[in-house]
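2 protein chains.
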Amino acid sequence: MAKQLINTLTGGDKLTLSRVLTQVENNTAAGNAALEELFPHTGNAHLIGITGAPGCGKSTLVNCLALNLRQSQNVQTKPRVGIIAVDPTSPFTGGALLGDRVRMRDLSGDEGIFIRSMATRGALGGLAHTTAAFTQVLDAAGYNIILIETVGAGQSEVEIARLAHTVIVVEAPGMGDDIQAIKAGILEIADILVVNKADKPGAENNARALRAMLEMANSPGSYAPSRKHLLSSSPNKSVVADKQNNEEKWTPPVLTTVATEGKGFDELLQAIKDHHNYLKSSGEWELREQANLQLEFETLIRDTLAVRWNEKLPPSVYESTMRDLYKRKIAPHTAVEKLLAYNK
Amino acid sequence: MAKQLINTLTGGDKLTLSRVLTQVENNTAAGNAALEELFPHTGNAHLIGITGAPGCGKSTLVNCLALNLRQSQNVQTKPRVGIIAVDPTSPFTGGALLGDRVRMRDLSGDEGIFIRSMATRGALGGLAHTTAAFTQVLDAAGYNIILIETVGAGQSEVEIARLAHTVIVVEAPGMGDDIQAIKAGILEIADILVVNKADKPGAENNARALRAMLEMANSPGSYAPSRKHLLSSSPNKSVVADKQNNEEKWTPPVLTTVATEGKGFDELLQAIKDHHNYLKSSGEWELREQANLQLEFETLIRDTLAVRWNEKLPPSVYESTMRDLYKRKIAPHTAVEKLLAYNK
Numbered sequence: 001m002a003k004q005l006i007n008t009l010t011g012g013d014k015l016t017l018s019r020v021l022t023q024v025e026n027n028t029a030a031g032n033a034a035l036e037e038l039f040p041h042t043g044n045a046h047l048i049g050i051t052g053a054p055g056c057g058k059s060t061l062v063n064c065l066a067l068n069l070r071q072s073q074n075v076q077t078k079p080r081v082g083i084i085a086v087d088p089t090s091p092f093t094g095g096a097l098l099g100d101r102v103r104m105r106d107l108s109g110d111e112g113i114f115i116r117s118m119a120t121r122g123a124l125g126g127l128a129h130t131t132a133a134f135t136q137v138l139d140a141a142g143y144n145i146i147l148i149e150t151v152g153a154g155q156s157e158v159e160i161a162r163l164a165h166t167v168i169v170v171e172a173p174g175m176g177d178d179i180q181a182i183k184a185g186i187l188e189i190a191d192i193l194v195v196n197k198a199d200k201p202g203a204e205n206n207a208r209a210l211r212a213m214l215e216m217a218n219s220p221g222s223y224a225p226s227r228k229h230l231l232s233s234s235p236n237k238s239v240v241a242d243k244q245n246n247e248e249k250w251t252p253p254v255l256t257t258v259a260t261e262g263k264g265f266d267e268l269l270q271a272i273k274d275h276h277n278y279l280k281s282s283g284e285w286e287l288r289e290q291a292n293l294q295l296e297f298e299t300l301i302r303d304t305l306a307v308r309w310n311e312k313l314p315p316s317v318y319e320s321t322m323r324d325l326y327k328r329k330i331a332p333h334t335a336v337e338k339l340l341a342y343n344k
Numbered sequence: 001m002a003k004q005l006i007n008t009l010t011g012g013d014k015l016t017l018s019r020v021l022t023q024v025e026n027n028t029a030a031g032n033a034a035l036e037e038l039f040p041h042t043g044n045a046h047l048i049g050i051t052g053a054p055g056c057g058k059s060t061l062v063n064c065l066a067l068n069l070r071q072s073q074n075v076q077t078k079p080r081v082g083i084i085a086v087d088p089t090s091p092f093t094g095g096a097l098l099g100d101r102v103r104m105r106d107l108s109g110d111e112g113i114f115i116r117s118m119a120t121r122g123a124l125g126g127l128a129h130t131t132a133a134f135t136q137v138l139d140a141a142g143y144n145i146i147l148i149e150t151v152g153a154g155q156s157e158v159e160i161a162r163l164a165h166t167v168i169v170v171e172a173p174g175m176g177d178d179i180q181a182i183k184a185g186i187l188e189i190a191d192i193l194v195v196n197k198a199d200k201p202g203a204e205n206n207a208r209a210l211r212a213m214l215e216m217a218n219s220p221g222s223y224a225p226s227r228k229h230l231l232s233s234s235p236n237k238s239v240v241a242d243k244q245n246n247e248e249k250w251t252p253p254v255l256t257t258v259a260t261e262g263k264g265f266d267e268l269l270q271a272i273k274d275h276h277n278y279l280k281s282s283g284e285w286e287l288r289e290q291a292n293l294q295l296e297f298e299t300l301i302r303d304t305l306a307v308r309w310n311e312k313l314p315p316s317v318y319e320s321t322m323r324d325l326y327k328r329k330i331a332p333h334t335a336v337e338k339l340l341a342y343n344k
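Keeping their order, the protein sequence lines are chains A and B. Note that my numbering has the first sequence beginning at 1, numbered continuously upward. Note that my numbering has the second sequence beginning at 1, numbered continuously upward.
Any given hint might turn out to be false.
As the list claims (entries may be wrong) - Each computed DSSO-like pair below joins lysine-lysine, with the alpha-carbon atoms no more than 27 Å apart:
#: 1; chain 1: B; residue 1: K78; chain 2: B; residue 2: K280
#: 2; chain 1: A; residue 1: K200; chain 2: A; residue 2: K249
#: 3; chain 1: B; residue 1: K200; chain 2: A; residue 2: K200
#: 4; chain 1: A; residue 1: K280; chain 2: B; residue 2: K329
#: 5; chain 1: B; residue 1: K327; chain 2: A; residue 2: K273
#: 6; chain 1: A; residue 1: K338; chain 2: B; residue 2: K249
#: 7; chain 1: A; residue 1: K280; chain 2: B; residue 2: K327
#: 8; chain 1: A; residue 1: K249; chain 2: B; residue 2: K327
#: 9; chain 1: B; residue 1: K338; chain 2: B; residue 2: K327
#: 10; chain 1: B; residue 1: K263; chain 2: B; residue 2: K273
#: 11; chain 1: A; residue 1: K78; chain 2: A; residue 2: K312
#: 12; chain 1: B; residue 1: K327; chain 2: A; residue 2: K312
#: 13; chain 1: B; residue 1: K273; chain 2: A; residue 2: K327
#: 14; chain 1: A; residue 1: K327; chain 2: B; residue 2: K249
#: 15; chain 1: A; residue 1: K329; chain 2: B; residue 2: K280
#: 16; chain 1: A; residue 1: K329; chain 2: A; residue 2: K312
#: 17; chain 1: B; residue 1: K312; chain 2: A; residue 2: K312
#: 18; chain 1: B; residue 1: K329; chain 2: A; residue 2: K327
#: 19; chain 1: B; residue 1: K327; chain 2: B; residue 2: K312
Claimed, not checked - Quick list of the computed label-pair ranges, beta carbon to beta carbon:
#: 20; chain 1: B; residue 1: Q270; chain 2: A; residue 2: G174; range: 50 to 58 Å
#: 21; chain 1: A; residue 1: P40; chain 2: B; residue 2: A212; range: 48 to 56 Å
#: 22; chain 1: B; residue 1: E111; chain 2: A; residue 2: R208; range: 43 to 51 Å
#: 23; chain 1: A; residue 1: R328; chain 2: B; residue 2: K78; range: 20 to 28 Å
#: 24; chain 1: B; residue 1: P314; chain 2: A; residue 2: M213; range: 42 to 50 Å
Hints were generated in silico from the structure; no laboratory data involved. All C-beta atoms in this analysis are idealised placements derived from N, C-alpha and C, irrespective of residue type, glycine included.
My request is simple: use the sequences and hints to build the entire structure.
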């Protein structure tokens with residue numbers, strides 16, 4: 001059965017793939033079983049996160065990037081490309097104009113491209129978890145490159161982008177000063193910076209400003225990629241930390257594209273290839289993989305602990321504590337202590 | 001000591017207030033103790049979330065709103081106003097231009113206004129939790145109205161906005177179609193909609209489009225305010241649900257403002273007052289309070305369960321399991337089961 005699923009998926013059965021993803025999204029027993037079966041077959045795909053503020057032409061860029069990835073290779077090495085859209089403004093997730101939908105249809109006509117969007121209104125923290133699970137399924141199904149599209153303004157989106165081996169931050173000229181200010185937050189997660197809509201006035205200024213910001217950020221001591229874990233407060237439990245090879249250092253290139261016309265994509269593809277090589281040779285690839293697995297594991301532990309604890313607690317005890325809390329007779333920490341003591 | 005802290009804070013000691021907030025932000029024992037002490041004194045403030053895409057002039061609006069709230073009342077009923085900025089593009093959090101900083105300084109000259117910004121790069125899910133704790137401290141300290149400024153694009157920001165009793169969603173004309181598409185997601189959390197920069201072309205169209213979207217959203221069956229809880233999967237534990245009084249219904253008004261010139265704020269203040277009255281008379285105020293307390297409690301339970309579990313587990317066991325996971329010898333769910341069995 002396990003053998004069958006992996007064979008069906010790697011054989012290119014998109015219907016089964018869609019069904020498995022829906023099971024995973026709905027967190028069903030079948031979905032979890034599929035994840036368990038597929039897990040040994042994961043760890044091969046290059047995960048590329050594409051993030052940026054709404055209006056920067058991110059979806060068109062993802063579209064164009066997917067097509068270029070499919071076209072630029074010879075038949076033997078042609079990668080299969082998966083797209084996961086976690087961006088509420090993406091045409092893939094439904095917030096689309098007619099033109100976008102047409103482009104998207106063009107894309108999905110290619111057998112080697114698989115597109116999946118995700119509802120963005122799930123449980124807190126659940127989005128990154130589901131995205132991670134989706135990448136594992138696509139990875140096992142033989143998709144060599146997985147593009148994860150997120151909107152780069154919110155914290156949860158930054159977390160999702162961090163799942164990726166390579167993070168592309170997209171900007172566009174003329175987005176206003178407020179948008180510029182966002183950069184400070186997402187700049188540090190960027191492996192490649194793209195100024196899209198480079199035919200518009202201000203694109204060169206924008207690229208120059210980004211390079212200046214990068215130089216500042218790259219000055220000694222100020223740039224420190226950090227990957228936090230939920231449980232690793234005690235240093236002796238952090239398996240990942242302090243292993244980074246600092247001899248080699250990646251400097252994020254600043255590229256310009258016009259996605260609507262397909263301009264600048266040779267350079268973007270080259271930058272992605274360069275970053276892939278850097279990740280592999282520096283040991284950073286392995287570190288990112290490990291950090292993601294650890295994060296996934298820790299999220300799962302927390303969920304499981306909460307569910308099991310909840311199952312053991314009589315509803316009446318929970319309810320009476322809640323009522324005391326609502327009346328502000330008991331403070332939240334005290335309520336937690338009380339219920340944990342009850343449930344020992 | 002408890003008595004002393006609440007007296008100091010209600011007496012208007014902003015330095016102590018800042019220190020308590022820092023303790024709370026850093027999640028120290030002193031911070032948690034302060035929260036416990038202050039908790040019985042909470043539940044009075046009107047929490048107003050202000051959210052919207054970068055570039056809509058949200059910060060200027062928050063600024064202007066705070067000044068108007070202070071000016072529009074007589075001396076006896078003048079509310080004390082707290083501002084919590086959780087928006088990376090806000091001048092309060094540092095992403096500011098010179099003009100913004102000047103305006104902000106004007107604001108902070110008022111004894112009855114307290115401004116606090118928050119780092120937006122904390123742990124996943126931690127931001128909403130810290131914001132909730134901040135509102136409790138300001139509430140206990142006697143701030144009658146607390147403005148929470150967030151950027152309305154990401155999921156975590158939406159969660160923060162939901163802490164509020166009243167959610168104001170700010171738009172501006174000419175932000176492009178991508179921004180428009182975001183609305184679908186945040187429209188359903190809006191209690192008041194504001195088209196800011198109403199002196200720009202397209203403002204009337206924008207307001208009209210919003211009203212049309214609202215009408216669609218308000219058609220029977222399509223509008224359902226939902227407040228999810230982390231643990232309440234079993235219906236018998238949901239104390240809050242199905243209690244809503246549906247006789248009275250709030251229809252979000254669509255207002256226009258020019259925040260840079262202070263235009264439209266009489267209407268905005270009136271709408272806030274109207275919503276406050278609606279919340280109180282419909283029972284919705286109590287429901288939102290309870291939903292927030294339940295969410296806070298459940299987040300705390302999860303954190304505590306994870307920390308305690310982690311403390312009991314020998315680091316070597318955790319590490320060897322992680323190594324098996326990294327080698328994909330063991331899948332995440334299996335790893336969780338293994339460690340939970342070990343730790344019984």
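Okay, the hints, checked on the actual structure:
no., hint, in the structure
1, K78(B) <-> K280(B), "holds (20 Å)"
2, K200(A) <-> K249(A), "violated (32 Å)"
3, K200(B) <-> K200(A), "holds (22 Å)"
4, K280(A) <-> K329(B), "holds (21 Å)"
5, K327(B) <-> K273(A), "holds (25 Å)"
6, K338(A) <-> K249(B), "violated (38 Å)"
7, K280(A) <-> K327(B), "holds (16 Å)"
8, K249(A) <-> K327(B), "holds (26 Å)"
9, K338(B) <-> K327(B), "holds (16 Å)"
10, K263(B) <-> K273(B), "holds (18 Å)"
11, K78(A) <-> K312(A), "violated (52 Å)"
12, K327(B) <-> K312(A), "violated (34 Å)"
13, K273(B) <-> K327(A), "holds (25 Å)"
14, K327(A) <-> K249(B), "holds (26 Å)"
15, K329(A) <-> K280(B), "holds (21 Å)"
16, K329(A) <-> K312(A), "holds (25 Å)"
17, K312(B) <-> K312(A), "holds (20 Å)"
18, K329(B) <-> K327(A), "violated (50 Å)"
19, K327(B) <-> K312(B), "holds (25 Å)"
20, Q270(B) <-> G174(A): 50 to 58 Å, "violated (36 Å)"
21, P40(A) <-> A212(B): 48 to 56 Å, "holds (52 Å)"
22, E111(B) <-> R208(A): 43 to 51 Å, "holds (44 Å)"
23, R328(A) <-> K78(B): 20 to 28 Å, "holds (26 Å)"
24, P314(B) <-> M213(A): 42 to 50 Å, "holds (45 Å)"
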